[in-house]
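Undergrad: Chains as they are written, first to last, in my numbering: chain A, 2 to 258; chain B, 2 to 258; chain C, 2 to 258; chain D, 2 to 258.
Just to be clear, a hint being listed does not mean it is correct.
You can't tell identical chains apart in this list, so a pair holds if it fits in one copy or across any two.
With a Cα cut of at most 20 Å, we get these calculated EDC-like pairs of lysine to aspartate or glutamate [to be verified]:
#1 LYS180 / ASP5
#2 LYS125 / GLU81
#3 LYS107 / GLU172
#4 LYS24 / GLU121
#5 LYS125 / ASP5
#6 LYS142 / ASP105
#7 LYS4 / ASP216
#8 LYS107 / GLU179
#9 LYS65 / ASP33
#10 LYS107 / GLU145
Don't read these hints as lab results, they were simulated from the structure.
There are 4 protein chains.
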Amino acid sequence: MAKDLLNIGGVELNSRLLIGTGKFNDDAIIPDVINSSQSQVITVAMRRVDFETSQENIMKYIPKDMILLPNTSGARTAEEAVRIARLARAAGMGNWIKIEVISDQKYLLPDNYETIKATEILAKEGFIVLPYMSPDLMVAKKLEEVGAAAVMPLGAPIGTNRGLKTKELIEILIDECEKPVIVDAGIGKPSQACEAMELGADAVLVNTAIATAGDPIVMGEAFKNAVEAGRAAYLSGVGGVTKRAVASSPLTGFLSN
Amino acid sequence: MAKDLLNIGGVELNSRLLIGTGKFNDDAIIPDVINSSQSQVITVAMRRVDFETSQENIMKYIPKDMILLPNTSGARTAEEAVRIARLARAAGMGNWIKIEVISDQKYLLPDNYETIKATEILAKEGFIVLPYMSPDLMVAKKLEEVGAAAVMPLGAPIGTNRGLKTKELIEILIDECEKPVIVDAGIGKPSQACEAMELGADAVLVNTAIATAGDPIVMGEAFKNAVEAGRAAYLSGVGGVTKRAVASSPLTGFLSN
Amino acid sequence: MAKDLLNIGGVELNSRLLIGTGKFNDDAIIPDVINSSQSQVITVAMRRVDFETSQENIMKYIPKDMILLPNTSGARTAEEAVRIARLARAAGMGNWIKIEVISDQKYLLPDNYETIKATEILAKEGFIVLPYMSPDLMVAKKLEEVGAAAVMPLGAPIGTNRGLKTKELIEILIDECEKPVIVDAGIGKPSQACEAMELGADAVLVNTAIATAGDPIVMGEAFKNAVEAGRAAYLSGVGGVTKRAVASSPLTGFLSN
Amino acid sequence: MAKDLLNIGGVELNSRLLIGTGKFNDDAIIPDVINSSQSQVITVAMRRVDFETSQENIMKYIPKDMILLPNTSGARTAEEAVRIARLARAAGMGNWIKIEVISDQKYLLPDNYETIKATEILAKEGFIVLPYMSPDLMVAKKLEEVGAAAVMPLGAPIGTNRGLKTKELIEILIDECEKPVIVDAGIGKPSQACEAMELGADAVLVNTAIATAGDPIVMGEAFKNAVEAGRAAYLSGVGGVTKRAVASSPLTGFLSN
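Whenever a hint applies, use it, and build me the whole structure from the sequences.
TA: As structure tokens, this is what we get:
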């Protein structure tokens, strides 16, 4: 059987769980979380990368074989996002970039328009661009058109752990997009990651739910298992939902025989 | 670290996924499903056990090291359930028994009263009794009192694949019962099994969703992974849900530095 | 067109909203709430009825033309419920009785078994018995059999305002019961009362959500409107749910004409 | 007490239920639906307005005192929407316009970008512009900025009757927008309209669910009642949701007194 690989920007991945580096009590746990989650892509806010001292640099906890996905958090416009992306590449962080353009400070919702602009510019410059977005079919199609390597609709506002609150809109993206759909933000429990994968999402990005768990290492593995379970269920074909009961065991005649 | 084992009636189990034998297109697939799901307990309707011919006997597909959980499907009263249980034991099927007493032929809902009666009689006779029930705290406590080894509340009517529709009532059972709570019936997708485990259920029993999947072997493994993910998340401690967004990456000041 | 009346124990009612007397900051508001809600049946805990002083007696706030539905709250067994019911009738509170038998002090869940017992005794004594119950089809049928005038399944534990959390089980009762199904407990918002009626419930009982509202008089009317809306929708026939969009306005050709 | 009026573009309305003219089996029923729903604003697709024959003209069923809300359905771009709007005004249909710009023919989702463009142009020309949109806070703020009189986020794709599937996103709009938020599309039952109003929506637009009901006149009144109920509940203040039960009646000591 052919392996079920996720292809982003020409790179083939075994893992469909992307993780983040924010909010850990102690960043030293990150290598163990990478290991337990078997994630191959990790996002890191450029702001946290200290290029002058090695002391508190988040980078020292990230193994060399991970694909770095620097993100542009802090950017309020396309232009700012573009500048951060270029800085990241110049600093040797590779050519993957997660676009986050956020001007709303309360709900931290992405600005889809600015995100399209930044995606277009950066894709042309050879970046593998993964834009974080409010789920909106027209925007997703536009992002694909201007060169996004995937689209990353939010399930719920960042860090809320509220789950797949935009499920109906994400399902439409899954149905219509040609590029991978990666659910990003809002996923608070493994069951929610599993559900996203059952719906047909290509991958999920989970940060807060792992980083703030009682035991992030255990939770990293839990998400790995949940993502694999959801993917397998999707590929295998989930059975139909019925209204009336359907016996799994025969119900009649046993004692009358 | 101590292993996280499930104790039912004094027997310690690694797996928290119980499976069934009903509804497979071809029973010959059962050994592979047992293997992929790593389940250690399998339920089988007594009615399907043919003691005279070996031809179509479901038993030939069940490895010797599985714990058999014969069920009393077809019973409409406590008395009938008791007779079936005794037959099962006499036929060498061991002393585990899943009580199903169902008089309603449309929704296949269990009769909690008759179930208590049958549980009491069979527990006194040395059976390890797992009663299938409508989720009801008073009934669950009574079942524990009369000797049930676990309680098996339904998530939704049998075979509907509708998921955890009685979640609030099951959560109360999880909160208040001393014996294991095993969610039985209704679970249609791995994400739903995962959710049940995250809530603190001790195990789940899944039949229809595996047996009728496009690929039951793959689906068996998917449920195994989902159950493990949910259990790990429960043990690790799931993070809190918030209303407003909480940044996982720093949002301010990057470009102004 | 024939009027759409609710028949309980031979009494025909225009209103399908039953209300309660508990938890008001000031009981003096009760007449206005009765008026705004247009309810015709009001439940009152026998414990709150002071037969010796008229001072703080809840009864003085209830107009003579309301149907009193004394309840047996405080009863932990069928026997206690029966005694309370008889006291209520002896005290001139009529022959309607709402059975509440609750031994669990945390979730305040009814004991269905004791409730059946009390219902049987009191129905034989000529009471119009409305039993509060955990939603369970077998129990509902038994209650009908022993003489209940209606069944009152809980939507969620008393006072939680959590809504119709047992929807699937209540739908089965609606489908199968011959006597009126009155959703009692858990309804926290008019939309939830409306939803219960759309599903086909015959009535709802609302107490906490009205009594603890910012403005109980306004909320009483809101529930009246919501219940009427849900009932009308049920009678009119709710339209079907579709997965793909269906235009309400023509989508093509306008400008090309 | 001051009346609770809805102000759109300087016009004060008593009714918070906007209705539509599409999908009725027989348009002759429209006057009765207007009457039963007490709606004051009705949307009509320009395409359906026949300016040459009076025969099948939808306009003849709309009373003079209704506010006409012509919509631009059929428009695939801002430019087309603008042309339709101008035609509507030129034809004497007033200066209210509902912008619908839809290029996706499967889910009929609005194109938020084109909608902003059309809104800006038409607001400058003196129209009272009500844009139909995918719920997105950044877009809603932009629409307000360029002159929208209200924003009309979808609850679910048009005509699906699926309800408030974008609830979390709509709540954010309600929280942050200064102009009225009118939930448009997807509302299939009165309970869903009621829920939207409880959340704080300023109004709802319902077409399919009324037009395709078994009895559209009865359903029109049901929606009126549900909208009023939800509005009243919102104004009155809905009570809090609790996890554990809270007795509405006293639970102890009755018989021990």
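Undergrad: Give a verdict on every hint.
TA: Verification of the hints:
1. For the identical chains of this complex, LYS180 and ASP5 are intra-copy neighbours only, at 16 Å inside a copy versus 41 Å across copies, given an alpha-carbon limit of 20 Å.
2. For the identical chains of this complex, LYS125 and GLU81 are intra-copy neighbours only, at 17 Å inside a copy versus 31 Å across copies, given an alpha-carbon limit of 20 Å.
3. Taking identical chains as interchangeable, the C-alpha atoms of LYS107 and GLU172 lie at most 20 Å apart only when they sit on different chains, with a minimum of 13 Å there against 26 Å within one chain.
4. Taking the shortest Cα distances, LYS24 and GLU121 never come within 20 Å of each other, neither inside one copy (30 Å) nor across copies (41 Å).
5. Taking the closest pair of Cα atoms, LYS125 and ASP5 never come within 20 Å of each other, the shortest separation being 29 Å inside a single copy and 52 Å across copies.
6. Within a single copy, LYS142 and ASP105 get their C-alpha atoms only as close as 24 Å, which misses the 20 Å cut-off; across copies the closest is 10 Å, which meets it.
7. For a Cα distance limit of 20 Å, the shortest separation of LYS4 from ASP216 across copies, 16 Å, qualifies, whereas the shortest one inside one copy, 31 Å, does not.
8. In this assembly of identical chains, LYS107 and GLU179 lie within 20 Å of each other by CA distance solely across copies; the values are 16 Å between and 32 Å within a copy.
9. In this assembly of identical chains, LYS65 and ASP33 lie within 20 Å of each other by CA distance solely inside one copy; the values are 14 Å within and 39 Å between copies.
10. For the identical chains of this complex, LYS107 and GLU145 are inter-copy neighbours only, at 18 Å across copies versus 28 Å inside a copy, given an alpha-carbon limit of 20 Å.
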